[in-house]
Structures are given as structure tokens and as C-alpha cells.
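There are 2 protein chains.
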Amino acid sequence: MKKLSVDLGERSYPIYIGQDLLSSANLFSEVIRSSQVMIVSNTTVASLYLTQLSESLIEYQPRSYLIPDGESFKNLSVMQDIVTQLLENKFSRNACLIALGGGVIGDITGFAAACYQRGIKYIQIPTTLLAQVDSSVGGKTAVNHALGKNMIGAFHQPAAVFSDSKALNTLPDRELVAGLAEVIKYGLIRDEAFFVWLEENIEGLIARDTACLEYAIERSCINKAEVVARDETEQGQRALLNFGHTFGHAVETGLNYRGWLHGEAVGLGMLMAADLSCRSGWITEDKLQRIGSILQKTGLPLSLPDELEYADMRGLMSVDKKARDGELFLVLLKDIGDAFVTSQFDEKLLQFTVEHFTSKASGD
Amino acid sequence: MKKLSVDLGERSYPIYIGQDLLSSANLFSEVIRSSQVMIVSNTTVASLYLTQLSESLIEYQPRSYLIPDGESFKNLSVMQDIVTQLLENKFSRNACLIALGGGVIGDITGFAAACYQRGIKYIQIPTTLLAQVDSSVGGKTAVNHALGKNMIGAFHQPAAVFSDSKALNTLPDRELVAGLAEVIKYGLIRDEAFFVWLEENIEGLIARDTACLEYAIERSCINKAEVVARDETEQGQRALLNFGHTFGHAVETGLNYRGWLHGEAVGLGMLMAADLSCRSGWITEDKLQRIGSILQKTGLPLSLPDELEYADMRGLMSVDKKARDGELFLVLLKDIGDAFVTSQFDEKLLQFTVEHFTSKASGD
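First to last, the protein sequences are chains H and L.
Take this note's numbering: the final residue in the first sequence is number 372, and no numbers are missing along the way.
Take this note's numbering: the final residue in the second sequence is number 372, and no numbers are missing along the way.
One chain only, chain H, in its complex shape (with noise of 0.2 Å):
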């Protein structure tokens, strides 16, 4: 089991990674410091994991709520029932949040936490991959309202973070790819070594290698963690995780949220990020290639869905929560490994990009 943590001062927090975490009952009596104990899980997770959860908790004789699986379920009306439920049993300030399940499941979980009494501890277990290198670290959470993703919620670090390598066992081929997309943003961004080891490994990893995945799990998680110490709520830096996301955003609700997976629209929206590099000079030829040559490997979909032409995908570009004033700021690459924000890119230029990976051409 690996230890890392999580440096924000008085809010600072541990990410264990290993296998068998959900059976560790001491490392959670280290962590619990409550005897009101409450499981929030979706029911595809909890049919899985919630027994032998519930078991290392034997001690707290942990609650449990389960909601359907689905994104459509992450409302502030199902977070309303999180808290009814917590009333009704009569839980105190003191009491503990337990998030077991991927994405959604933490962002809500960790929501209610944050606005329970004005914020007690939660826990998060996640059980993708997406989730143990992304969403459950940093202290984002959020739920979704009909008019934009994630438009209401709040930053609020999670009192630990439990990664069992055990619980990607059970996840579907296309989900554990669709999480490598974000692995691969860790290197792209601010750390070309581990991109190299990537490209060395991938293969391992879509095999589901132990080991593999435990060290990408490690390295995105330790390459997180430095970004959100050094800014954590979003004023500068953590902007760089943002990576890929204004495009995959723009996919994601041109389709109204279904049919793709986040991590997919984030692997298309990179390549994009990067050939707009390399189209303004910013990166060279060879790498764009290096970095088409990796996402192909993990077999995301590399090019636009049939509805979405470049007026669709520059008019959602611009409703990004990152523009400001009408302003288009996006991350892009100055090197494998270096990431930046800007608006000075040209539009011209972005046009050529968003016509290159609509489905026609491509298809050419």
C-alpha cells in the first residue's frame, strides 16, 4: 500500500492506494473519528463492493443510501435526500460521509458533506479509475442543474482518500480507457517523464496489470495532489487540470450528456488542445504525433460525433465556465509536459482544428 498526501495545511489529507482497502479496518478507525457513519453508494457499486465495506465498518454500524446509477441522479434534489436521511437518523456535526461508487458518487456525496450543518467529514472510496485520479481528489464537489454541469457546489476536501486497486476488477473495459484519458492528461500537462512511461506501458495498463495501474494511479494522483496544494480553489494553476475539458465539454453537452463518456470527450478534446498547439507553433509535428499515437492505443474515439460541426463546437466553447467576459481562454501545450493557459490563440486557427476532427473529415 502506497501513502500520499494531500498538503493544505489544517485541511490536509491522506490517498492510500493498494489492494484489499475496502477490507481495512484500521486504516479507517485511523481516519473516523465519529461513531455517526454513513455509505452513500449508487446500487451497481454497492451490489459489488457495499457487504464487505459495511464489514470493515463494523464497528460504527455504518448507515447506508444508495441512489440509481446514472448522472442524471447527481440533482440537488437527490442531495436534499442525503440529508434527510441524515436528519431523520439524527447525525451531528460530528458525523462521518462515506462515498463509495466513481464520479458522480463522490461529487454528490462530498456536496452534502459540505452543506450538512455547514460541512462535516466525509470519505471518498472511488471505484474507477476516472474517479481515483481525478474526481475524488482535490476537493471539487458539485451537482449537476438542467441549465450546466456542476454549477452548484462547493470546495471541500474529502478527510481521505481510499483507492483500492481491487475495485477496477469489476469496471468495464470502455470506463477503465475512458480513465486512462486523464492518466495520459497528468503527463501531458506537467510531467513528461511519466508520459514517457506511459507510452512504455500502456499497454499494460488497458491489460489491467496490478502494477501498472497501481503506478499510474500513484503518479497522477501525486501530480493532482501538487497541483491543488498550490491552488485550491482555482484561481491559476489548477486551471491546467482543465486540459482537453473545454473541447470535451463542448462534446459532451452538444450531446445533451449522453452517448459519450467524460473521459472520452477529454480524450478527444486533448488531441484537439494538441493539434491547436501544433497548428500555432507551439509543438512540433513529431509530438502532436507521439500523442495521437498513445490515445489511439487505448482506442478512445479520436474524432467528433456526426452532429457536432464547428459552429456547434465554438458556440459551446463559449459558454465554458473558463470565459470570462466573452473571452475564450484555453489550456495548450507549449511542450509535452508544459501546459498553458491563453486566450491568444487564432480563431482561424482553432476553426482548421474542429474542421479536422469533424466526422467528414476524418472520414476523408
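These aren't lab readings, by the way, just hints derived from the structure by calculation.
Treat the hints loosely; a few may be bogus.
As the list makes no split between identical chains, a pair holds if one copy fits it or if it spans any two.
Simulated pairs of lysine-lysine, BS3-like, Cα-Cα distance not exceeding 27 Å [to be verified]:
id, residue 1, residue 2
1, Lys157, Lys98
2, Lys305, Lys157
3, Lys98, Lys356
4, Lys11, Lys174
5, Lys295, Lys174
6, Lys305, Lys295
7, Lys342, Lys11
Starting from the structure of chain H, add chain L where the hints point.
Just chain L now, with coordinates in the frame of chain H:
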């Protein structure tokens, strides 16, 4: 005009106290750093002050969103409506909300600001005495849940507080007096000299003497700001601000928040806490009498409503937010100007105190 400061590092903010602040366009320009401004108010307050405020903010072309007047609208659904307005108007993370009204408006607007895109700026313009001396300072925001008041919320400090003493001219007498209960609280818990000043000037305050009111607001805010600066998220000393509130909340909950104003319940709660402090030998009879005397002069109700007897009160007190693992903590007095938190009180004396204030007893 007076300018105080709440010292919270990078979250520090000014409190302005004076007349005609609603018309000080210059002051607003110092604080607002966005072209997107939305005023949230209720229909009663808006009919009195919205035009005046909108004119001072003319350069921002502010939007406004009005909710009906009343505590029952301080809920998650109305908070979501505010977010809908922000999204429909394409407000960015750089936008600024303005809460124009009493505690309900301040709490729900502050909570919407805390959650919108994980936190945007907001300004408090409290229009009741209670909000000017209490809820608008300190960053506690919340909405109610059907099972408990203020159960869903956040600590989110405002960018500035504008306390316009002229706004109090339109405040009903009963609300003014309810606000005075919280003013007297600051004297009792930590500022003996202020309590002595209040004893000498209580008639002036009730007669709405402007100089008296502004001094009382200033001194109250200084006290609250000091406490908040030392304990932003209520881990310790901030709990002293809840003097009278455990008794008071029991009254409010017992009446389903109907009939009594918050300040009225707190006024009686303070007298009950003082009574228990005296029975416990912590303050003298003489001091208890001084506390009873100033409260009597305000005209605040000083006996429990008919519906509430000892058993009801004791049961309601034990579900207080400050109860930890079933143990009841109370804020009591060691002296006028010196409060402390304790669970080491005599249950029998607590019963005597509550029974002393039941309407049957006081009617004797």
C-alpha cells in the same frame, strides 16, 4: 460613516455603517469587480429600497430577483431558482450577488453565492437591526430543511457589508426590539462596558435615535468581527455567540417557527441562561436583576408561551446543533461580559429555570 474590518486573511472584508449607504455609488465601485450584478431581495424590502439601490448601481445594469417575504421561502428550491436566474443571464464565476433584506435574504443569497460555480462574491445590505448586528457579519449562510433550521449551508464570507441606519426607519417596532436582543447579547457575553452603555441608552435605542443606533451597530459588529476572526468556522469561541440560542431555538421549534420572532426567542433565552447561571452560583442575584431589567425595558416577551412546558423544552433542547453525542452544552455566564460553554450544569437547576419561565409560573 464608519468602516470596520473583519480580519480573516485573504477573506477579510469591510463593514460600512452609516446613513444613505444605499445611495453611495462610489462605495459600491470600490467593492464590485464585475460587470455582472444581481440583487436578491424580497417583495416587501424591494418596494422600499430597490429603486434607490438600483440607481446607485446603474453602471452595472443590475438584474434583480425577488422572492416573497418570509422564513418559509428560505429553502433549497428557492436557492435553485436563484441559480437558474444566474445561469439564464449567463453569469460567470466573476459575478457578484447583492443581498438586500433581513436575515432570510442574507442567508439564502449568501448560500447561493457560496454554491454557484463553487463560489462567487456577494455583498450584504442588511435592512433589519438583527441582520445588521448578527447574520450579515460572519459568513454563515444556509437554507432550512423541513426537519431543521439552517441545516443546509456553508461558511462563505461576504465581500462587504453595508449597514444603512436609515433603512431601520421603516422597520416595525417589534422587529427593532427583537434586534436589540442580539445587541444586548454582545454586552453580556464579552463586553461589560457596552452593557453598561446599553443600560444607559436603551430608551434612546427604542426611540430610534440615529447616533445611539449607529453606535450600537458598530459596537455589536466590532464584537462579532473579533469573535469570527478568531474562530471562523465555529470550532470554539464562536459558540459563545449562541448565548440564549439553545433555549431560544427550543421555543422557536416548539412553536414551529410561528408567532415569535428569532430575536424575541433569543431575548427570553438569554434571560433563562442568566437565570440558570445565577441558580448555579456563577452570577449574583444583582446581576441577574440588571439583565432582567434591561430586557424588560425593551418590551421583549419574558415568559414561555403557554404551549411549552418543561418536558417539551428539555426535549427540544437536546436536539440542538450544539448537542454532541447526546450531551447538552449550554452557553452560560460567569459574569456580565464573560460567557462560557459548559455541559457541567445541574439538570435539576435547569428544570427549575425552565419551570420558572413557564407562563403558569410567571402568572403566579
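Is it within, between, both, or neither for Lys342 and Lys11, if the alpha carbons may be no more than 27 Å apart? Answer is neither; intra-copy 32 Å and inter-copy 47 Å both fail.
Within, between, both or neither, where Lys305 and Lys157 count as close if Cα-Cα is 27 Å or less: neither (30 Å within a copy, 54 Å between copies)
From the Cα coordinates, with 27 Å as the cut-off, is the pair Lys295 and Lys174 best called within, between, both, or neither? Close neither inside one copy (34 Å) nor across copies (66 Å); limit 27 Å.
Classify it for me, Lys98 with Lys356: is the Cα-Cα distance of at most 27 Å met within a copy, between copies, both or neither? between (59 Å within a copy, 26 Å between copies)
27 Å Cα cut-off: does Lys305 pair with Lys295 within a copy, between copies, both or neither? Only inside one copy: Lys305 and Lys295 sit 16 Å apart there, 80 Å across copies, limit 27 Å.
Alpha-carbon proximity between Lys157 and Lys98, which holds within one copy, between copies, both or neither at 27 Å: Between. Shortest inter-copy distance 14 Å satisfies the 27 Å Cα cut-off; intra-copy 31 Å does not.
At most 27 Å between alpha carbons: which applies to Lys11 and Lys174, within, between, both or neither? The answer is within: 16 Å in one copy meets 27 Å, while 58 Å across copies does not.
The structure shown violates the earlier hints numbered 2, 5, 7.
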